[in-house]
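**Q** Keeping the supplied structure of chain A fixed, place chain B upon it in accordance with the hints.
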Amino acid sequence: SQLAEENSWALSVHEGESVTVNCSYKTSITALQWYRQKSGKGPAQLILIRSNEREKRNGRLRATLDTSSQSSSLSITATRCEDTAVYFCATSSGGNYKPTFGKGTSLVVHP
Amino acid sequence: ETAVFQTPNYHVTQVGNEVSFNCKQTLGHDTMYWYKQDSKKLLKIMFSYNNKQLIVNETVPRRFSPQSSDKAHLNLRIKSVEPEDSAVYLCASRPTGGTSAETLYFGSGTRLTVL
Chain A
19 SQLAEENSWA
29 LSVHEGESVT
39 VNCSYKTSIT
49 ALQWYRQKSG
59 KGPAQLILIR
69 SNEREKRNGR
79 LRATLDTSSQ
89 SSSLSITATR
99 CEDTAVYFCA
109 TSSGGNYKPT
119 FGKGTSLVVH
129 P
Chain B
173 ETAVFQTPNY
183 HVTQVGNEVS
193 FNCKQTLGHD
203 TMYWYKQDSK
213 KLLKIMFSYN
223 NKQLIVNETV
233 PRRFSPQSSD
243 KAHLNLRIKS
253 VEPEDSAVYL
263 CASRPTGGTS
273 AETLYFGSGT
283 RLTVL
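Quick note, the sequences are listed as chains A and B, same order.
Just so it is clear: in the first sequence, position 63 is 81 by my numbering, and no numbers are missing.
Just so it is clear: in the second sequence, position 31 is 203 by my numbering, and no numbers are missing.
Just chain B, same shape as in the assembly:
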């Protein structure tokens, strides 16, 4: 049952444009993540937020910026997209405590194609 919702499902754009992806989780979790999955299915963490605070910021280009209005929402903006940004962007959340504190709950992803 889906509890992490991502929009849009797909987005096609031109090099140099700005794009924004949205993510909302209804699980009441405190921590949310953005992962990038390339064409070979490799998953790389980009950012992590805990209760609206940035706690993990991997080495990603500065054109990527996460935005969190509350702990249930974590959006991703890309200014001036590049061809190498073509990928699936996956949002995830996890609970802070309890027996399943390490479990990530993923959305279905946003597939970005940069022409």
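Isolated chain A (complex conformation):
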């Protein structure tokens, strides 16, 4: 069963708008990562946020983590066409390290 899951299958915005992708997970975690996968490429990490952190930023990206509700969000401000991709959250819980990915949210940014 999926231990991490994004809450929307697909989102569509226009360039310059902001967008938020949400993720929920079911187990205790040590860290949560956000990845982006562009067409024809493998996923690439955007942000890693640890269980003792509440917020992390990377340029136009902002990730939050709420361990009490077991949820995370990734916000992108001033979106660009090149932000068009599938966004995944991935959780890890120490031990035998095998990151578990959510189903992904497809984001399309229109010019």
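Certain hints may be false.
List of simulated lysine to aspartate or glutamate pairs, EDC-like, C-alpha gap at most 16 Å [said to hold, decoys possible]:
#1 A:Lys116 x B:Asp202
#2 A:Lys116 x B:Glu274
#3 B:Lys208 x B:Glu256
#4 A:Lys121 x B:Asp210
#5 A:Lys59 x B:Glu274
#6 A:Lys116 x B:Glu230
Covered stretches of chain B (chain A as the covering partner; in silico rule of three or more C-beta atoms under 8 Å from a C-beta of chain A) [what the hints assert, rightly or not]:
#7 208-214
#8 267-276
Treat the hints as calculated values from the structure; they're not laboratory data.
Here a beta-carbon is modelled for each residue, glycine too, at the ideal position from N, C-alpha and C.
**A** Chain B alone, transformed into the frame defined by chain A:
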């Protein structure tokens, strides 16, 4: 910048054939993974190797077998492919220690189509 290299990019084959995919990483990482991504983009871990040792072996059919000659290489062989094996196979690596120890570095994948 690509540092995890997968070959081939695409492979089309018939049911029952054997296929092999190659993966090489030039990052000096100790741990490598194979993930399967289906048509709905769902990513599932298949295997993980640490310094040539198998450490994670999820429930995958026995026709799948990983092979590692050294810590920089992790290949995947599928004996007698089935239609449900059609997917993108993604190789990844990660460092053992340091601040980015949880970060996976993926290759661009091998897209397998089984006719």
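**Q** If a hint holds in the structure, say so; if it doesn't, say that too.
**A** Hints, verified against the model:
no. : hint                : verdict
1   : A:Lys116 x B:Asp202 : 14 Å, holds
2   : A:Lys116 x B:Glu274 : 9 Å, holds
3   : B:Lys208 x B:Glu256 : 11 Å, holds
4   : A:Lys121 x B:Asp210 : 10 Å, holds
5   : A:Lys59 x B:Glu274  : 20 Å, violated
6   : A:Lys116 x B:Glu230 : 10 Å, holds
7   : 208-214             : holds (count 3)
8   : 267-276             : holds (count 4)
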